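A.B. asks: Numbering (numbering that gives the first Met the number 0), first residue to last: 0 to 151.
Be a bit skeptical, because a hint or two may be false.
Label-pair ranges, simulated between beta-carbon atoms [claimed, not checked]:
#1 Ser76 with Asn20: 29 to 35 Å
#2 Ser61 with Ala35: 18 to 24 Å
#3 Thr56 with Thr8: 24 to 30 Å
#4 Leu27 with Lys51: 34 to 40 Å
#5 Met0 with Arg128: 16 to 22 Å
#6 Ala35 with Asn86: 17 to 23 Å
#7 Glu28 with Met54: 29 to 35 Å
Pairs of lysine to any residue residues, derived as SDA-like cross-links and limited to a Cα-Cα distance of at most 25 Å, are as follows [as the list claims (entries may be wrong)]:
#8 Lys51 with Met126
#9 Lys51 with Thr112
#10 Lys31 with Ser61
#11 Lys31 with His2
#12 Lys51 with Ser76
#13 Lys31 with Met126
#14 Lys4 with Met124
#15 Lys51 with Glu127
#16 Lys4 with Thr112
#17 Lys4 with Gly129
#18 Lys51 with His72
#19 Lys58 with Gln41
Quick caveat, the hints were computed from the structure, so don't treat them as lab data.
Note that the structure is predicted; figures quoted are calculated from it, not measured.
The beta-carbon is built from N, C-alpha and C at its ideal position, and this holds for glycine as well.
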Amino acid sequence: MAHLKVDSTRFPIVILDMNGNYSEEQALEFCKDMRAVLERHQRIAIVADARKAGMSTLKARSIMRQFVTDTMHLSDSYTACTAVIINSAIVRMGVSAMFHLTKPNFPIQVFRTPEEGIDWAQQLMDMERGSPQDAMVDEGEELFIGGQAPQA
């Protein structure tokens, strides 16, 4: 079944689960849930799982586009990094190229699995907080895209 969910049970890691062709109602619910996370005014790391994402209606995409525009100031202030999860190597390359062109204000990286993305995001959050474990980010095969990694 199609869904679009915000999972903040691992806060400050926030997992966005996109599955299928989400509806306008699901887009509105997603926006409400994501706004609540952003309005906590705390740094977050986003892991966007797009492995099963589909195309939605024009209206649902319009709702999402407006949400991004309306919350850009919050996203820029509170997003520490974003990991995007995509199965296809070809799509990963295309998404990586897009991020090279748009240069977000925070580090963003594309991964094959949620576990890889969560690990990377947690490492960056630990580095940002000055974790005593001296976290090291392993960039693996992917390029570090946009922004700069927080310095330990």
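A.B. asks: Range first: 16 to 22 Å. Now tell me if the beta carbons of Met0 and Arg128 are that far apart.
C.D. replies: 37 Å, violated
A.B. asks: Does Ser76 sit within 25 Å of Lys51, going by the straight-line distance between their CA atoms?
C.D. replies: The given pair, whose Cα atoms are some 29 Å apart, is violated under the 25 Å limit.
A.B. asks: Is the gap between the beta carbons of Ala35 and Asn86 within 17 to 23 Å?
C.D. replies: Once the Cβ atoms are compared, 29 Å apart, the range 17 to 23 Å for Asn86 and Ala35 is violated.
A.B. asks: Do the alpha carbons of Lys4 and Met124 lie within 25 Å of each other, as the hint requires?
C.D. replies: Satisfied, since the Cα-Cα distance of roughly 22 Å is no more than 25 Å.
A.B. asks: Would the hint linking Lys31 and Ser61 be met if the CA-CA limit is 25 Å?
C.D. replies: This hinted pair holds, its Cα atoms lying about 15 Å apart.
A.B. asks: Quick one, are Lys51 and Glu127 close enough, alpha carbons at most 25 Å?
C.D. replies: 31 Å, violated
A.B. asks: If you draw a straight line from the CA of Lys31 to the CA of Met126, is it 25 Å or shorter?
C.D. replies: 29 Å, violated
A.B. asks: Need the status of pair Lys4, Gly129: alpha-carbon distance at most 25 Å?
C.D. replies: Cα-Cα ~30 Å, so violated.
A.B. asks: Please test the hint of 24 to 30 Å on the beta carbon pair from Thr56 and Thr8.
C.D. replies: 29 Å, holds
A.B. asks: Compare the distance between the alpha carbons of Lys51 and Met126 with 25 Å, and conclude whether the hinted pair is satisfied.
C.D. replies: 30 Å, violated
A.B. asks: Given the hint of 34 to 40 Å, check if Leu27 and Lys51 actually sit that far apart at their C-beta atoms.
C.D. replies: 20 Å, violated
A.B. asks: For Ser76 and Asn20, compare the CB-CB distance with the range 29 to 35 Å and indicate the outcome.
C.D. replies: With a Cβ separation near 31 Å, Ser76 and Asn20 satisfy 29 to 35 Å, so the hint holds.
When the structure is compared with the earlier hints, violations turn up for hints 4, 5, 6, 7, 8, 12, 13, 15, 17, 18, 19 and for no others.
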